[in-house]
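S.K.: Here are the chains, one letter per residue:
2 protein chains.
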Amino acid sequence: MNLDELATPAALVDVPRMQHNIARMQAQLDALGVRFRPHVKTTKCVEVVAAQRAAGAQGITVSTLLEAEQFFKAGYTDILYAVGIAPAKLPQVLALRRAGCALKLITDNADVARQVAGFGVAHGETLEVWIEIDCDGHRSGIPPEAAVLLDVGRALAAPGVKLGGVLTHAGSSYDLDDPQALAALAERERAACVRAAERLRAEGLPCAEVSIGSTPTALSARGLPGVTEVRAGVYVFFDLVMANVGVCKAQDIALSVLATVIGHQAEKGWAIVDAGWMAMSRDRGTQKQGHDYGYGQLCTLAGEPLAGYVLSGANQEHGIVSREGRPDPDIAQRFPVGSRVRILPNHACATGAQFPQYHALFPDGNVAQWDRFHGW
Amino acid sequence: MNLDELATPAALVDVPRMQHNIARMQAQLDALGVRFRPHVKTTKCVEVVAAQRAAGAQGITVSTLLEAEQFFKAGYTDILYAVGIAPAKLPQVLALRRAGCALKLITDNADVARQVAGFGVAHGETLEVWIEIDCDGHRSGIPPEAAVLLDVGRALAAPGVKLGGVLTHAGSSYDLDDPQALAALAERERAACVRAAERLRAEGLPCAEVSIGSTPTALSARGLPGVTEVRAGVYVFFDLVMANVGVCKAQDIALSVLATVIGHQAEKGWAIVDAGWMAMSRDRGTQKQGHDYGYGQLCTLAGEPLAGYVLSGANQEHGIVSREGRPDPDIAQRFPVGSRVRILPNHACATGAQFPQYHALFPDGNVAQWDRFHGW
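Sequence lines, in order, name chains A and B. Every letter in the first sequence is one number past the one before it in the working numbering, and letter 126, counting from 1, is 126. Every letter in the second sequence is one number past the one before it in the working numbering, and letter 286, counting from 1, is 286.
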């Protein structure tokens, strides 16, 4: 299979760019002396994660139990489920652990910790739980100085459960675009998580793992004393949001949507393509950033960005291509009907999820189909 | 299966509400004396479309050739593919027609019309093509008075191809919220499409079908002389965007996402649920409307809206529940860990697409799994 044979829309992975991104993150974390546990929620794709593992990753992070089940089936056993566990999901967790999966759970809630312990005792199992720490106020987790941290720690010292470590995620890094601010947030993320671990240890509670990470902070950290592992996901493909944050260039983005021109509104300077929001996703993550790319950045079929041309609008299966600033009167000549383009996405995690498979483009022109999981 | 056994997140369909919405649209179009061709892109679900057909729908509209293939396999033959045809897709079209599917194509481009005709001649087939008309400037199509309309019409009078009709879609109706303005746009949609048909007929070109529609205009039209059929999709479930437009109430919305509370940030007035943007989609369609619901409207497990409580933020698998206006200090008591809620979506087409299946909830409490298609 090659590019010309692909039906549109298709989700293309530029394999050399992906390998470059994988090598870059692994080299950064090797230099910092910490293990790397990639977050596979970005791709949900066995072939991509195999490349991350081959480069040196140890263990994986998942966002759903379906990912845990699918990657366990593919041979991964060291799996961290990094969304607060709902007790109703414990039977699914138990089945994975009994099959041999070293699945780790997280919580930031003492009631949940006690319920997990009760479930473990009732089923003669010891479930490993890590405590979620809040380092930047963006979502879940316990602030490192909060009293409840020790309550949860003590609840996880009971039979049926084992306190494995602490983890945090500096999700607010997506709002930054300055290297100094990113480095400062990376240090804040590290310090918060290490401090939480120290408080637990000072109480005599075990806390072997100190796990931090987001793509921007992982690439901006200058030293990670006290940290045992880093998690990051979107770096494997990067996207326009990450380009605006400043941790990659458009030329590093490994995921694009292949589309075909199906018409024009020439007097408005529009070309219409067969990739709308069903292909790109509804993610408008660049809307509030320094450069708003609409629904994506147009590229040639070979993948070179066409500066100034964006997907300015999207319906379910229609995308509107236009020039930023002022309409292009020659839009129909630039993008003739039947011609093909590639479109860089705002958010690789969201765009990938719209497709049942990626099409991986190798340097020799060959294209391979790489399936991805869908649903929960 | 019943509601208590469902893993979260899940996409719930309230079957009585869906049946009510189906009956309402069919009664409206029966009263106006036109055929109804539902757009199945909203649900991509055989069980839902069977209910639409049972109520009186004739033929279906699709947004992808995968939908055409899947519904043809399910016994539907009268299928309109309502996205401008890309010539590279004609071999797929040919295969469907040769298998017995009365598939209709659309275009607004004379070059494409000639390419379709050439393809038809080369394969000894006559492909039926409708001309896309632009009634409101929102996307594709030919304005009814434009000279190119007759160029495309003549290109479709050639061997290998057959001009079947004209169609338009008043997509700008989503931007309105006033019954008078909606009725006026419905009339403009009708008049534009009928005028295009008249111009073609005056040139001696056949134009049997005059097809219009969007959910808001279909429900707002007061008379449809000259129209042969109406298309609409999202009405089958409705959503918060449609509630803001004013064509349904929150209590009519048949699609919701079932979610579980997994934690709190009590001092901020947040509850965290296991439905983020992967479940709700990134669609923020209510952002610019009269009432911005964030990522969705919270409801009780029984489906009753909890006024003022919305999904104010979303990460991939985390949703943040908060009260509009001022934080609720009792959020943790109102939404305890492990409790379940339902969340009404901004946009039913986008939210449904995040799930491999719906879970259909019947009045007796039984739940059935209804699969939906994914991809292209």
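Incorrect hints may have been included.
Because identical chains cannot be distinguished in the list, a pair is counted as satisfied if it fits within a single copy or across any two copies.
Said to hold, decoys possible - Taking lysine to aspartate or glutamate pairs in the EDC-like style, the calculated list, with each CA pair at most 20 Å apart, reads:
1) K268 to D78
2) K288 to E125
3) K249 to E187
4) K268 to E125
5) K249 to D364
6) K268 to D364
7) K73 to D30
8) K288 to D328
9) K268 to D134
10) K89 to D4
11) K73 to D134
12) K162 to E187
13) K89 to D111
14) K268 to D136
15) K89 to D134
16) K89 to D30
17) K73 to D151
Treat the hints as calculated values from the structure; they're not laboratory data. This one's a predicted model, so the numbers in the text were calculated from it and none came from an experiment.
S.K.: Work down the list of hints and note, for each, if the structure agrees.
M.R.: Hint check:
no.	hint	result
1	K268 to D78	neither (54 Å within a copy, 34 Å between copies)
2	K288 to E125	neither (47 Å within a copy, 51 Å between copies)
3	K249 to E187	neither (24 Å within a copy, 49 Å between copies)
4	K268 to E125	neither (65 Å within a copy, 35 Å between copies)
5	K249 to D364	neither (24 Å within a copy, 55 Å between copies)
6	K268 to D364	neither (39 Å within a copy, 54 Å between copies)
7	K73 to D30	neither (28 Å within a copy, 53 Å between copies)
8	K288 to D328	neither (25 Å within a copy, 28 Å between copies)
9	K268 to D134	between (48 Å within a copy, 13 Å between copies)
10	K89 to D4	between (45 Å within a copy, 12 Å between copies)
11	K73 to D134	neither (32 Å within a copy, 51 Å between copies)
12	K162 to E187	neither (28 Å within a copy, 67 Å between copies)
13	K89 to D111	within (15 Å within a copy, 56 Å between copies)
14	K268 to D136	between (44 Å within a copy, 13 Å between copies)
15	K89 to D134	neither (23 Å within a copy, 50 Å between copies)
16	K89 to D30	neither (35 Å within a copy, 47 Å between copies)
17	K73 to D151	neither (36 Å within a copy, 58 Å between copies)
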